[in-house]
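Engineer: Residues per chain, in single letters:
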Amino acid sequence: MRVRTRVMSAVTASCALLALSGCASDMTKQASPYANAAGAKTVTLSVQSWVGAQADVAVAEYLLKKELGYRVDRVQIDEVPAWDALSQGRVDAILEDWGHPDQEQRYIKDKKTIVPGGDVGVTGHIGWYVPTYFAKKHPDVTNWKNLNKYAKDFRTSESGSKGQLMDGSPSYVTNDKALVKNLGLDYEVVFAGSEAAQITQIEQFAKHKKPFLTYWYKPQWLFEKVPMTEVKLPEYKEGCDADPVKIKCAYPHTPLQKYFNADFAKKGGDAAEFLKNFKWSEEDQNEVSLMIADKKMSPEDAAAKWVAGNEAKWRGWLPK
Amino acid sequence: MATATASSPVRDTGIGALLRHRAVGKLLLLAVAAAILVPIVNAKWASGAWPDALTVDLTEPLGKTTDWIIDNRDSHPLFVYVLGNISNGIVLSIRGVYLVLLAAGWAGVTVGAALIAWRVAGVRLAVLAAASFGLCGMLGMWVPTMQTLALMIVAVLVSVVLGMLLGLAGGLSDRVYRILRPVLDTMQVLPAFSYLLPVALVFGIGVPAAVIATVVYAAPPMARLTALGLRGADGGVMEAVTSLGTTARQRLLSARLPLARKELLLGLNQTIMMALGMAVIASMIGGAGLGDRVYQALGSVDVGAALAAGIPIVLLAVVLDRVTGAAGERLGDNTEDSSPLRGRRGWAVAGAVTVVAALAARFADRLEWPESWIVNIVGPVNTAKDWMVDHIYTDVPVVGGTADWAAHFTTWVLDPIRDGLQGMPWWSILLVIAALAWLIGTWQTALTAVLAMAATGVLGVWKPSLDTLAQVLAAVVVTVVLGFAIGVAAARSTRLEQVLRPVLDVFQTMPQFVYLIPVVALFGIGRAPAVAAAVVYALPAVIRITTQGLRQVNGAAMESSRSLGATSWQQLRQVQLPLARPALLLAVNQAVVLILAVVVIGGLVGGGALGYEAVFGLAQGDLATGLVAGVAIVCLGLMLDRVTQPTERRAKKGA
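Heads up: the sequence lines are chains A and B, in that order.
Counted the way the numbering used here counts, the first sequence spans residues 1 to 320.
Counted the way the numbering used here counts, the second sequence spans residues 1 to 655.
Bound conformation, chain A alone:
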């Protein structure tokens, strides 16, 4: 009995001590324990799971290291948590964002902890795709109105009696469930659960020349390996996607954006200026992406190869 009371009082005392010690510690301003370990200047970049974002980060990392003498840490985070991490300073920059109006409102307009960093130079577009080998044989599949006719071709054990529309990672922007319902399509949305699983499955289908219908996006390196044709959905008009339940139109074309932690943008010196200037084209990004994802080069080697061949492009990004 005595032992227990003593243990209890010790616990209470240490709690109180912790609370009263006054050593306030704002955990929203803590860096990674591995950062700056060798006494170097570091930049932490968020990497999203798709390879385009990995290509952005690889090239930025390479130049930050070789030209500006920074150490770069990469952290893989999903899109929405990345905004939170950016606001807390756990990462300094997101190099490729596909549009998150809620987050922009909260962190840029209300809390002012994040600032926009300009265009990446790449325009993103989400859509439904079928493999080109199938579209050539059946040209009318490329219009959504004819999709029901082909539902039985796209059937899998997972979609049962309906056609399968394959969706990807849960972190991606998608209206597909609503679209299938509102357009009266005889399809079942099957979520691959991660981009890795989706790519593996697409490659597997393509190897055996099987028909499939998938949610996919541009720019993407996989198009080089598995040519795919977009299925036309009802045209996108400004505001037609305002109500996620009633949505009946295609996805917009989005110029992809960079975002920085507000402190980093102000005090990040050369690194911040360099990242602000960073802007390249879709072809450039695809070139690097393909080296990473298909040729299985390390991101560093892929970046080195691109940097060696495109000096004129990246010279302009360096701070004057």
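Source of the hints: derived by calculation from the structure; they are not laboratory data.
Treat the hints with care, since some could be wrong.
[What the hints assert, rightly or not] Heads up, simulated BS3-like pairs for lysine-lysine below, C-alpha to C-alpha not over 27 Å straight-line:
#: 1; chain 1: A; residue 1: Lys296; chain 2: B; residue 2: Lys26
#: 2; chain 1: A; residue 1: Lys209; chain 2: B; residue 2: Lys385
#: 3; chain 1: B; residue 1: Lys385; chain 2: A; residue 2: Lys225
#: 4; chain 1: A; residue 1: Lys111; chain 2: B; residue 2: Lys64
#: 5; chain 1: B; residue 1: Lys385; chain 2: A; residue 2: Lys210
#: 6; chain 1: B; residue 1: Lys385; chain 2: A; residue 2: Lys207
#: 7; chain 1: A; residue 1: Lys267; chain 2: A; residue 2: Lys65
#: 8; chain 1: A; residue 1: Lys177; chain 2: B; residue 2: Lys385
#: 9; chain 1: B; residue 1: Lys463; chain 2: A; residue 2: Lys181
#: 10; chain 1: B; residue 1: Lys385; chain 2: A; residue 2: Lys295
#: 11; chain 1: A; residue 1: Lys66; chain 2: A; residue 2: Lys305
#: 12; chain 1: A; residue 1: Lys246; chain 2: A; residue 2: Lys149
#: 13; chain 1: A; residue 1: Lys109; chain 2: B; residue 2: Lys64
#: 14; chain 1: B; residue 1: Lys64; chain 2: A; residue 2: Lys246
#: 15; chain 1: A; residue 1: Lys41; chain 2: A; residue 2: Lys313
With chain A fixed as given, assemble chain B onto it according to the hints.
Structural biologist: Same frame as chain A, now just chain B:
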């Protein structure tokens, strides 16, 4: 033997009849309760699916909670003074350990690890430790390995301290023990996946959140085994010590704790293994190190790179497991160590050699692992995987390809189970669960199981929960059939057991993320690969427990049955299996818990259901979806545990 079986009906008038009588009584009572309740329920909400009237929508309150946390994280005293300090403490201590490891360099760390292994576990394990660290370096994973090691050291220390404090309280006071036991039970059936989101929301993405998630997962075995060790202290010894007029503290330090040394070491061992198991899952909330490498490799569909980062995790686990295990065995034998390097002197020599090695590497300017010593396995592994997939994916003559198997498994097994479960009226499912749990356990177990299952309905995820349940059931059947077959074979052949051991080690410790991609490549996306991954993960535990259970069957019983002329098949069926029943039940229970943990991760490869919703919540920072799915997973785990929990655990109430 035949006569013994024939005479069994006669014996049944005794205990057997009573047992059956009790079971019938329970079922009768349930039937009466059902006869009264079902018509009422049916009249009120006449539908098969869970009635809307009985659900609670948590979307708004949970959304508000998220907003409150995000808005107050940088200003509210709770965060600034309490959680902020915890988080800061974690960051500082990991940084400290990491800097020490970096300063020691690869030579210092490898030599130091080998010497520690030598001191506590002997020369053979010292060689194993040195070779393992060397291999981590050769795979080009030195720095990530050190990051993971630093994170593990801190997480394990915190888990051990926390677990011991809880275990002490539970070991010394009956009342605390009674409160603690169900809490620990629950913590152990929680799939780690389910609490990543709340932890990440409060602590933000990053290392502190990863450490806290790891501690939640790894501390329970330490607490449980500490309490068990303290409670199991020999009564005679304790009385003798008390009669010497010792104080409570002296009794604890001089008798109870030393007597419980074995349990404490086993607890440490379990805690380390659980913590390493979390290393990769925690990378989903920013855990860095090896786990992050595996996760990033998964992002670019690179099995070779994932394996290169997965192997060091396996090596760390094997070394730590063997070393702590060997230390535990050494405690048992009391042979006097007479070598000149025993005790303090041995440790002093070990310390000195480590420092010399670290300094030597430093002066030779070889602090970092030399690039030229790195062996690249990424290319060959990917080639091998592609070859395998190309040749067995589909259209293999006679047996069919893996894709065809997966499709058949989905259509013929998974779909009927899922549709059957979802087609059953909700109250009938609750009744079945009540009957199963009550037959195995007490009315309390039955009540817990029913309430847990009902909670998934109340939370509004009845349908996806049944979908997940169907996947778990299918995977359990496959695992148990395979596991028992292999386990029986291993119990009868020592050579097979020896061959299996390293294979089982690898599959038990290899992070699931590493084999998710090969599994998709072989089985396509969907529920089938989720089930396959779960089977791979749970099979080793089932094989191990089965083998051990069969081996431990009383030698006298075996001997007497052999002398009666039983064939080896008769022996197995009529002596070994019945006598090993508790172990077999434990194997089923472990299969259920482990499979649930992985089926949920199957959300990443198209498993859908609760797993997908948990991943969705994590990816979108959506507490309403993620937390509800997480809680539902926990409820399913609780329910399954209660329905399959071997009676043995409850029988040892005093333990």
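Engineer: Next, verify each hint and record whether it holds.
Structural biologist: Hints, verified against the model:
Pair hint lysine 296 (chain A) plus lysine 26 (chain B) does not hold up; C-alpha atoms about 62 Å apart against a cutoff of 27 Å. For the hint pairing lysine 209 (chain A) with lysine 385 (chain B), the CA-to-CA distance comes to about 20 Å; that is within 27 Å, so the pair holds. Restraint check: the Cα-Cα separation between lysine 385 (chain B) and lysine 225 (chain A) comes to about 18 Å, which is no more than 27 Å; the hinted pair holds. The suggested pairing of lysine 111 (chain A) with lysine 64 (chain B) holds, with an alpha-carbon distance near 17 Å, which does not exceed 27 Å.
Between lysine 385 (chain B) and lysine 210 (chain A), the direct Cα distance comes to roughly 21 Å. Compliance with the 27 Å bound is thereby established for this hinted pair. With a C-alpha separation of about 15 Å, the suggested pair lysine 385 (chain B) and lysine 207 (chain A) falls inside the 27 Å cut-off, and the hint holds. Note on lysine 267 (chain A) and lysine 65 (chain A): the hinted pairing holds, with a Cα-Cα distance of about 18 Å set against a maximum of 27 Å. The suggested pairing of lysine 177 (chain A) with lysine 385 (chain B) is violated, with an alpha-carbon distance near 34 Å, which exceeds 27 Å.
Taken as a hint, the lysine 463 (chain B) and lysine 181 (chain A) pair is honoured in the structure, with Cα atoms around 20 Å apart against an allowance of 27 Å. Restraint check for lysine 385 (chain B) and lysine 295 (chain A): satisfied, since their Cα atoms lie roughly 15 Å apart, inside the 27 Å limit. The suggested pairing of lysine 66 (chain A) with lysine 305 (chain A) holds, with an alpha-carbon distance near 13 Å, which does not exceed 27 Å. Between lysine 246 (chain A) and lysine 149 (chain A) the CA atoms are separated by roughly 24 Å; this keeps the pair inside 27 Å, and the hint holds.
Between lysine 109 (chain A) and lysine 64 (chain B) the alpha-carbon distance is near 19 Å, which keeps this suggested pair within the 27 Å criterion. Between the alpha carbons of lysine 64 (chain B) and lysine 246 (chain A) the distance comes to roughly 25 Å, so the proposed pair stays at or under 27 Å and holds. Restraint check for lysine 41 (chain A) and lysine 313 (chain A): satisfied, since their Cα atoms lie roughly 25 Å apart, inside the 27 Å limit.
Violated hints, in rising order: 1 and 8; the structure is consistent with all others.
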